[in-house]
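K.L.:
Residues per chain, in single letters:
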Amino acid sequence: MIAEILGNGYVQLGMKLGVLMILLPATLALGWVELKIGAHMQARMGPMYPGGFHGWAQTLADGIKFVLKENIIPKNADKSVFSMVPYVTMLGAALIYVVIPAGENLVIENLEVGVFYVLAASSIGVIGVLMAGWASANKYSMMGALRAAAQLIAYELPLVLAAAAVAMMAGSLSLVDIVEGQKQIVLAGFYIPFLPFQIIGFVIFLIAATAEMTRPPFDMPVAEAELITGAFTEYTGIRFAFSLFAAEYITMIGLSAFGATMFLGGYAPLHTALEFIPGIVWLLAKTGTILFLLIWIRWTFPRLREDQLQKFAWKVLIPLSLVNIFITGALKLTPWI
Amino acid sequence: MSSLIPTTDRWLSEARLSGDGTLRTEEMVLNIGPQHPATHGVLRVVVTLDGEKIVEAKPVIGYMHRGHEKLFEQRDFRQITNLCSRMDWLSGINNEIPASLAVERLMEIEVPRRATFLRVIMAEINRILNHLMFTGSFGLELGATTPVMYAFRERELLQSAMEMATGGRLHFGFIRPGGLKEDVPRGFVDLALRGIRQLQRAIPDYEDLLIGNEIFKARTVGVGLLDPDLAVEYGVSGPILRASGVPYDVRKAEPYLNYNEFDFNIPVGLHGDSFDRYWVLIQEMKESAKIVEQALMGLPSGSHIGQVPKRLTVPKGAIWAKAENPLGELGYYIVSDGDSRPYRMKARTPSFSNISVVPHMLRGAYVPDMVAVLGSMFFVVGDIDR
Amino acid sequence: MERVEPEEFSRRVSAKIGDLATDVEVKYGHVWAKVDPARIVDVVSALKTAPDLACGYLTFLAGVDWQEEGFEVVVTVYSVTNENTVILSVSLGADATMPTLTGVFRSAEWHEREAHEMFGINFDGHPNPEKLYLPEDFEGHPLRKDFRLASRVFKPWPGAKDPSEAAGGGRA
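Residue numbers (our numbering), protein chains in the order written: chain B, 1 to 337; chain F, 338 to 723; chain R, 724 to 895.
Keep in mind the hints are simulated off the structure, nothing from the lab.
We put the beta carbon where it would ideally sit given N, CA and C, even for glycine.
It cannot be assumed that every hint is accurate.
Unchecked claim - Covered stretches of chain F (in silico footprint by chain R; criterion: 3 or more residues with CB under 8 angstroms from a CB of chain R, positions within the stretch not fixed):
#, segment
1, 389-402
2, 563-576
3, 585-594
4, 667-678
Stated by the list, open to error - Within a straight-line C-alpha distance of at most 27 angstroms, the following computed DSS-like cross-link-like pairs (lysine-lysine) qualify:
#, chain 1, residue 1, chain 2, residue 2
5, R, 750, F, 589
6, F, 653, B, 139
7, F, 589, F, 623
8, F, 653, R, 771
9, F, 390, F, 623
10, B, 311, F, 390
11, R, 750, R, 771
Isolated chain B (complex conformation):
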């Protein structure tokens, strides 16, 4: 609709600018939401003072604090690699948004291999973690980086396989096609997304995405009780904020939007009668649901051990996702879908 008025090129430019402008504020907002949700789950109030209303400016104040702090580079660190890290982690996190559709034409680039692209982009971040671990000249950083790399290899596969099953359902790797595929089944006016058919895939996606973002219970690479802050132990100030917090939250929003697109129908409305609400609102609502799930998981579970995590990935998740693909194949062959 908007594209018809403005033409595709302007939409793309607008989306690019919009995403770029919205990412950092979104990070701050999500950080605040996480603080508040976590606090209420733990019988606390969370931040109450900064900004007045329920401490809304807490993360903003944190951000300003990070900017004002001294940027320390350890003497033995590999300086160029060390200072490149925030760019790499942020790049990996931000690239995800390129293919997430907020409407049929409201997408920066509707790639034919969109699913593939998101998975590839989301794993760029770990290169940053490895660089940080290597360049810091610190044993804790090194161990954290190695853990992160091992974890990524273990969880990339179930993530890919879970996504592959969805691609099978839609018969396309393009995210727009996948959303359109979820508009096909309408039951009493309700659009039925892939979730009911891909419930195993969704659970695998949630677990693997949590591991990929190194959030609890899979946060061994930054396990503060063991490795202090893992690969980012030596980072301070703005570099720390960008390479750890901003990258984590941007990846989190990105992967949640990806998950919402894949399993919950993305910009598709819930009911045919609700078509008047713009797709972007639906996308944000569904993304928010997945974000809440991720936050809930984080504040509930203890952390696994590195070897248990590997066992879990290779012995449980990967076989399970293969079974899931098999089931999906069987579903595709049944005539009533």
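Use these hints to put chains F and R onto chain B, whose structure you have.
P.N.:
Using the frame of chain B, we list chains F and R on its own:
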């Protein structure tokens, strides 16, 4: 850029190869602490690592050595109880009790029944406060952030009851040779009872939150096994010893105060792993709550302090007095030369012995296990170093 | 586990180590005995291994500085099965030396290191006679009576509020 990425030749020439041409891995020495989140306090552990596996672990202590034993010799017998409460800062009352017991036995002071009851009540509330702290922080060490917040919620009421009576929240300084500093204020009994009731309601939550959690079990069951014979040889005591299956509790073995009048059990673990240690801690809170309830119900009226001379001159002699600190057996060996200050006062603190056995438990474990082991050894650095 | 009466336990201790120790008595519910440094290892291992004593729990080991009369080492062992304590007092000679107990109790290592740095008592055959608490380069033995607390050299302990000793000042 080229200098950043070594060529294969350079890499091979620099890599250390063992005799048969395979790559030899090197052990890495990692200094954990004294400033490290896992060692809550200033314990330092020097670990030799093979990958993530611990080959050897050596605790290095002394970063908080404050010379308590020298200071004891400078203070008179009324003042040493205040000093004692600063050794294990999580259980002040329990630290003060054996010190005044020793003085009372040497001077043959009669302690009124009300004071004895109040000592039991406060010691057990203090035990609960301590156990809540450690159950919470153990979860934190394993990456679960919620248990510690719940624990602090329950601590609050009991902590205010203690504050109401003693005026302090950490260093109570309330026990005196002969009794207590003063009687408890009106309302203390109600507040303490309310705190206990709230705790009893909340304990099932703790059990659901961690004991029933699969990840928690995976991290703790079979981790950090402590053999009962080894534990006894090292003088390990308290919940850690009992988790290994040895039912040694000073409150039962050599009842002091009037613990023999109360009905309570000694929870004992089966395997001596981190899970059992955590489980014992939770069970002990229930038992302590039972004792506090009974003592509050049966609290007699009377004086809070016995007949104590103005100047405490302790007759010549030596004595060994011990009590069950929340972390284990705490005792004082006091030598008096007939003065108002101890000639020599040795503090036998539980954490010291408990930590000395840690190298045996860490051999062959993974780095994350180290956190599970240290977290379940329930130590206070001030109690190790004195 | 039933607690054995201290008197009965004291009889058992006398029967086992009577010829190695002197002054076996019961005070404040614990069994006390005096042992010669040369015999302490035998006494402790007898207490540990005898089935009817089973004092396998090393409670603590501590030094006492008796100034002119030399040093004393107090070794306390406990029997978890019989629930009784035996406190052994060892008076050391002029050389302040006694054999190490690490052969009997591995846990004696830390206790002996502490007594070594605090009092300068030597434990013959100790596997690792390093300092435990104090820094490597610390000089002196802080718990000896002739080691004055630095702050007390200049200013006596002000806490003595008892009128009879207000003027006396602190003890070293």
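K.L.:
Each of the hints needs a verdict: does it hold here or not?
P.N.:
Taking the hints in turn, this is what the structure says about them:
no., hint, in the structure
1, 389-402, "holds (count 3)"
2, 563-576, "holds (count 5)"
3, 585-594, "holds (count 3)"
4, 667-678, "holds (count 5)"
5, 750/R / 589/F, "holds (20 angstroms)"
6, 653/F / 139/B, "violated (56 angstroms)"
7, 589/F / 623/F, "holds (17 angstroms)"
8, 653/F / 771/R, "violated (30 angstroms)"
9, 390/F / 623/F, "violated (37 angstroms)"
10, 311/B / 390/F, "holds (17 angstroms)"
11, 750/R / 771/R, "holds (21 angstroms)"
When each numbered hint is compared with the structure, violations occur for hints 6, 8 and 9.
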